Amino acid sequence: MTITPTTSDDDLLRRMRAGDAQAFAALYRRHQAPVYRFALLRCGSADTAADTVQEAFMGLLTGRLAFDPLRGSLPNFLFGVARLLILKQEEPRRRESALPEFDEDDSELACEDACPLTRVLASEAAEEVRRALSRLAPHYRDALILYELHDLSYGEIATICAIDIGTVRSRLARGRAALAKALRAHALDTH
Amino acid sequence: MHHDDTPDLDLQLAQLRTGMAGIDTPRYVEQALMHAFSAQFAQRQPWYRRLGLLEWSAAGIGALASVAVAGLLLTSPHLSNRLHESNALVRIDNGAAFIALDSFERIEAEPAPRLVETEVPRTMLAALGLPATPENAGDAVRAEMLVGAGGEPLALRLSSLSFN
Numbered sequence: 001m002t003i004t005p006t007t008s009d010d011d012l013l014r015r016m017r018a019g020d021a022q023a024f025a026a027l028y029r030r031h032q033a034p035v036y037r038f039a040l041l042r043c044g045s046a047d048t049a050a051d052t053v054q055e056a057f058m059g060l061l062t063g064r065l066a067f068d069p070l071r072g073s074l075p076n077f078l079f080g081v082a083r084l085l086i087l088k089q090e091e092p093r094r095r096e097s098a099l100p101e102f103d104e105d106d107s108e109l110a111c112e113d114a115c116p117l118t119r120v121l122a123s124e125a126a127e128e129v130r131r132a133l134s135r136l137a138p139h140y141r142d143a144l145i146l147y148e149l150h151d152l153s154y155g156e157i158a159t160i161c162a163i164d165i166g167t168v169r170s171r172l173a174r175g176r177a178a179l180a181k182a183l184r185a186h187a188l189d190t191h
Numbered sequence: 192m193h194h195d196d197t198p199d200l201d202l203q204l205a206q207l208r209t210g211m212a213g214i215d216t217p218r219y220v221e222q223a224l225m226h227a228f229s230a231q232f233a234q235r236q237p238w239y240r241r242l243g244l245l246e247w248s249a250a251g252i253g254a255l256a257s258v259a260v261a262g263l264l265l266t267s268p269h270l271s272n273r274l275h276e277s278n279a280l281v282r283i284d285n286g287a288a289f290i291a292l293d294s295f296e297r298i299e300a301e302p303a304p305r306l307v308e309t310e311v312p313r314t315m316l317a318a319l320g321l322p323a324t325p326e327n328a329g330d331a332v333r334a335e336m337l338v339g340a341g342g343e344p345l346a347l348r349l350s351s352l353s354f355n
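Sequence lines, in order, name chains R and D.
Position 99 of the first sequence, counted from 1, bears residue number 99 in our numbering, the numbering being contiguous throughout.
Position 146 of the second sequence, counted from 1, bears residue number 337 in our numbering, the numbering being contiguous throughout.
Only chain R is shown next, with the shape it has when bound in the complex (with noise of 0.2 Å):
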């Protein structure tokens, strides 16, 4: 049976798991960046954001990760899954920080991730706006990224981020005019 663009990933994932390899490259090659970008912006680091993908795309191929088609698509799945795996591997380093009692307004808790000054994008004015957006607090930068970049809905990021939407309302406004007021601080200082 051949794979085409229309293919479904239900179907993409049934022949997987039936050891179609052209499925699971399809599927992967489908998928694979738009997690990828999201760990990129995420984490701020190519190689971890690369290791996640393939770590996500790894328990979806070993079933350890169980999708259920009826809780949500795949790609938000995927985008859970990523933002998990992030988020442990950022586990020592927040309980090293010990920090109080998480706060929302918060901006302190920015992450200073692997190495957020490390060039990522070529374009000038686009990496300035990647490493305004590393300095946020993570919970504001999971938002921002999910609904600037990526056009999800209120709804998606909250199942994504497992919040209700009021809180992804607040995150995202909150996260905005943090990243307008740093990108306005970097501006002011480079002038």
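Rather than coming from a laboratory, the hints here were simulated on the basis of the structure.
These figures come from a predicted structure and were not determined experimentally.
Honestly, I wouldn't trust all of these hints.
Covered by chain R, per the in silico footprint, the following chain D stretches (three or more residues, Cβ under 8 Å) [unchecked claim]: (1) 199-206; (2) 209-217; (3) 224-231.
Each pair of labels, with its calculated beta carbon distance range [unchecked claim]: (4) R:S8 / D:L202: 34 to 42 Å; (5) R:A185 / D:D201: 15 to 23 Å; (6) R:P92 / D:G253: 33 to 41 Å; (7) R:A66 / D:G253: 39 to 47 Å.
Yeah, the Cβ is synthetic: ideal placement off N, Cα and C, and Gly gets one too.
Position chain D against the provided structure of chain R, taking the given hints into account.
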């Protein structure tokens, strides 16, 4: 969401979207995943599905070669005669063994054969197809050797041989 409050930010986010547009996961990730896929499904498949084209080709060539050799042995009259001859080289009868060391025609044609008493190591007899055990492998067996006029060995007769 209405973004009139931060028009510059919308423009900057659009620049980020453009900058990220062509970025894909490094190629090695796909290669690693496909390798993992092959390994996982190779374990689940029965042995005959795990063999690749190369292995099946080698097995087929081996089988064909075996059939060809067997056919050659069965159809060649020369080789067939040699087999029958070799079957006749050792004869065991009532505990005594007769071992022809040359062809029966040559033995029958010998004008003046002589019998010579001798001793033969069991290891040599084992090489001729007679039974030997680790316990008696070092022993020697008394034998009568038929030799030609020129002293060449023609046959052996073993009368006191124990085959146990």
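Verification of the supplied hints:
Look at the region 199-206 of chain D against chain R: 5 of its residues bring a Cβ nearer than 8 Å to a Cβ of that chain, three or more, so the hint holds. With 7 residues having a Cβ less than 8 Å from any Cβ of chain R, the region 209-217 of chain D passes the three-residue criterion, so the hint holds. Coverage of the region 224-231 of chain D by chain R holds. Counting CB-CB distances below 8 Å, 6 residues qualify, and the rule asks for three or more. The hinted window of 34 to 42 Å between S8 of chain R and L202 of chain D holds, with their beta carbons roughly 37 Å apart.
For the pair A185 of chain R and D201 of chain D, the supplied restraint of 15 to 23 Å holds, since their beta-carbon distance comes to about 18 Å. Evaluation of the 33 to 41 Å hint for P92 of chain R and G253 of chain D yields a failure: the beta carbon distance comes to about 56 Å. The given range of 39 to 47 Å is respected by A66 of chain R and G253 of chain D, whose C-beta atoms sit roughly 45 Å from each other.
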